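Residue numbers (our numbering), protein chains in the order written: chain A, 127 to 667; chain R, 127 to 667.
Please keep in mind that the hints were generated in silico from the structure rather than gathered at the bench. One or more of the hints may lead you astray.
The list treats identical chains as one, so a pair stands whether inside a single copy or across any two.
As the list claims (entries may be wrong) - In silico lysine to aspartate or glutamate, EDC-like type, Cα no more than 16 Å apart, as pairs:
no.	residue 1	residue 2
1	K518	E143
2	K419	E392
3	K627	D575
4	K304	D133
5	K598	D162
6	K565	D600
7	K476	D533
8	K439	D295
Computed from a prediction, not measured in an experiment: that's the story for all the values here.
There are 2 protein chains.
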Amino acid sequence: MLGLMQDQPLLVSALIEFAARHHADAQIVSRRVEGDLHRYTYAQAATRSRQVARALDRLGLAFSDRVGTLAWNGYRHFELYFGVSGSGRVVHTINPRLSPEQVVWIANHAEDQVLCFDMTFLPIIKAVWPQCKTVKHWIALCDADALPADTGIVGLRAYEEWIGDEPSDYDWPEFDEKSACALCYTSGTTGNPKGVLYSHRSTVLHAYGGALPDALNFSARDTILPVVPMFHVNAWGIPYGAAMTGMKIVFPGAALDGKSVYELMEAERVTVSAGVPTVWLMLLNHMKAQGLKFSTMQRTIIGGSACPPAMIKSFRDDFGVTVLHAWGMTEMSPLGTVCNLKLKHLASDKDAQLAVQLKQGRAVFGVEMKIVDAEGKDLPWDGVAAGDLLVKGPWIVSGYFKGEGGDPCIDGWFPTGDVATIDADGFMQITDRSKDVIKSGGEWISSIDIENIAMAHPAVAMAACIALPHPKWDERPLLVVMKKPGTEVTREALLAHFEGKVAKWQVPDDVVFVDAIPLGATGKMQKNKLREQFKGHKLPG
Amino acid sequence: MLGLMQDQPLLVSALIEFAARHHADAQIVSRRVEGDLHRYTYAQAATRSRQVARALDRLGLAFSDRVGTLAWNGYRHFELYFGVSGSGRVVHTINPRLSPEQVVWIANHAEDQVLCFDMTFLPIIKAVWPQCKTVKHWIALCDADALPADTGIVGLRAYEEWIGDEPSDYDWPEFDEKSACALCYTSGTTGNPKGVLYSHRSTVLHAYGGALPDALNFSARDTILPVVPMFHVNAWGIPYGAAMTGMKIVFPGAALDGKSVYELMEAERVTVSAGVPTVWLMLLNHMKAQGLKFSTMQRTIIGGSACPPAMIKSFRDDFGVTVLHAWGMTEMSPLGTVCNLKLKHLASDKDAQLAVQLKQGRAVFGVEMKIVDAEGKDLPWDGVAAGDLLVKGPWIVSGYFKGEGGDPCIDGWFPTGDVATIDADGFMQITDRSKDVIKSGGEWISSIDIENIAMAHPAVAMAACIALPHPKWDERPLLVVMKKPGTEVTREALLAHFEGKVAKWQVPDDVVFVDAIPLGATGKMQKNKLREQFKGHKLPG
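If we strip away everything but chain A, and leave its shape as in the complex, we get (with noise of 0.2 Å):
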């Protein structure tokens, strides 16, 4: 028997119309490419989503098309998202990190319809357009007079000019919630890029779970700076959570050196923001030079990689800011996990709440967790036992678009990739990548205890360890340092700094040092290139 409750589909144009009503004078600011401060409205917003969606279907764009975006954190990028998903389109973010090649494979594809860029890229648009084969209309995100007239791409408008005249009202259609609402590829280790396709449902229940108290905690009294792009799994759903909930919006744009971001910050008064590491270590290095403190900062969500404990307690202890741990992929849309207290932990004292702080943290629900060992066998949640980490649940991927790849779960269950710990309280540890993982002598290294451990030395600013191949040991580490500037250390301080707070065989066998560590383009640090770099590397003994 059903219940008796209204049929009513889970859309993503119910969250653009239910801020534009509840909200309507809530706040979105955007840093633009051309430098200045773009300010406007959740009821504009609204407006020029609604004037989005029938600019496509002036095109004559059909049901699921897919439509292209090459843009940073800005509110065209946000219209996008609302015009393009609500009319029931694909808004396909495209990293524009990648390169012109990906970039073309990539739009091929997907068979984008339309692409949509900001004027910073219009370079790598002037190089490639000619291939991408499905793209017929080019959609610069800028005025119509900010078009050079001698582009040469077929098919180019201005973004203003091709809204600018539609009515502001649209009827969003109401369709299937399981429809396709966005698209995101994900670069794997091997082969092709893989489009990751959300839909509707998955999107507003992710927007539900991630705007909890216990995951990223928006409330109409937030306001929020996005650091992690929107290019990038849809900057991890802030844009839904934000419409879901109102709060203010203060997007970057393009300038997420440290001085740039602080500054927008204190001038907007943001409570919370969201990024990786990398982004962080800027903005602290550049507040710590300068001696600066924040006025408005509670908290700040860390994903992409593992915070490195040190900078977690600078935030606490120099800038007052509360890290959020939180982890997840673009197959989780991306939320996994995120870590917040319990009751039980409020009484603590400092170091032991630092402790529970640096694991990835609870599942938010809707999330299930498991982890098993080789055999596929489920292990206990002691905060011990390490194993494969399994996931699960209404907004993680069950295949891929076009079925490249195959069906990537298992028994229903999709394999991240990280090897992770869970103690008794569900909290999630990740110690490795399945292939980052240093086994040496049958037992296994956990790398990022390693980094963690390096980055908390006052000269290292960036710390990679690798896996070495080792004639005895099958594999050793190798650990890879980037120092901070007009700092100072030897390789044989850098392993004395490890004694003590690892076993004796866990200790690195050599340090090198770099001038920078290669970073991707979602800005995790590439290992497989260190690995090429020093696979020749001789270690010592």
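Let chain A serve as the given structure and place chain R on it in line with the hints.
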């Protein structure tokens, strides 16, 4: 094109299993009918919910069969919520404050197969059991040895004996998320009670929406004492929201007097509570009389009736507790709106904030609202125009059990029967019930406004404003007042108290004093009884 996300239904069983895995040791404390405190964990609650599911399987109950409950807020009732619904049956909560005849009518209409009851209600069950034609199994919520041998009730068993020997594991079935999970009857103003049939989908979505920071703001750092009964609209969804977030629960059982509630709040370090104004009146009166303060309470959710401004002020100024005004209905699962301030209100002074907090609040995402005039035309959201309030959303009723009363909706919108304004910020304020409104000389007088002003007088314990027919003005207001014990006030003094607070023509024509104002089964004032009682009352002048 559909998205490629896992097809996982939203089911109530997932809530209790999530709590068991992530909050195994979080506490659930219950004041039992016996008077003592019972204390256990979510892990134990989940185990016993599974035992309930197994016991129902053993009885041979079919999918969607109804299991009635007649019980206070306590751990066994909590287990029934999950064991009954999780295993695919429908938990049918019956209000024990109804007359025995109504209980019989409802149990027969619902075709309850099993009826579980607290020992408090054994006298009712003894009186009615032969008339409940479909109930085959009577389960007393007690230990085996607490069950009298001579009840004469055929099919009577003690709960602990019933579930005690069942294994602690259970494979919760997976089924369509739109399947029915809970049933609650609402007594309309005319005709028989009507059953609202919640689905798993509506219940889980409502739990997400209700736990949001701008709704009830539930986290694992909270301790909640739900005064609002589990027999009434699932205690506003708190049991589900608590399992979703792992917060500590303190169930007050039958002891809802001020002293009992206060002592339990203090002993268990409660941070949040929820209930109707009448209960808070008892609590505040007790605390004021004894000169008591709260140690841990932060906020209380008040719904069911509009909260008098004097009470909101007293909570805030005398006890440091924030009142969250909420509004909903049985037909809405029940949450429609919650009154949380926005960013722009934070800089306002206390009086300006109070003016916002008097409203019923903003819609929870998932609920759409509109106000219409007598012709059904949309009225503006300007905080002035008052009209019939209609709602729409995935946790709002589409029809009543067995089709009673036909389709309640108008073009998919459910008419709430409330008259309201909505301001430009989306804050809704109930001005009256459609049937309560007083129409004097073509103008409306808000009985709620009149009651709130009366309640602010130090000698008034409770006040009801009703319309009496009037030859010239059509209707005129009569104020019915229950005085606080040990206080005195005259008719003239009370009428003078209205001067300057409302327009002259809105001041009641007369005041009558009564020993008690009749309250309905859910604690609301029964104005229809007062109208009957005073229908012959002659207004002066």
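Against the structure, the hints come out as follows:
1. K518 <-> E143: Cα proximity of K518 and E143: across copies only (14 Å, versus 30 Å in one copy).
2. K419 <-> E392: within (9 Å within a copy, 38 Å between copies)
3. K627 <-> D575: Only inside one copy: K627 and D575 sit 10 Å apart there, 67 Å across copies, limit 16 Å.
4. K304 <-> D133: Answer is both: 14 Å inside a copy and 9 Å across each meet the 16 Å cutoff.
5. K598 <-> D162: Answer is neither; intra-copy 59 Å and inter-copy 65 Å both fail.
6. K565 <-> D600: For K565 and D600, only the intra-copy Cα distance (7 Å) is at most 16 Å; the inter-copy one is 88 Å.
7. K476 <-> D533: neither (44 Å within a copy, 57 Å between copies)
8. K439 <-> D295: neither (49 Å within a copy, 42 Å between copies)
Taken one by one, the earlier hints fail for this structure at numbers 5, 7 and 8, listed in ascending order.
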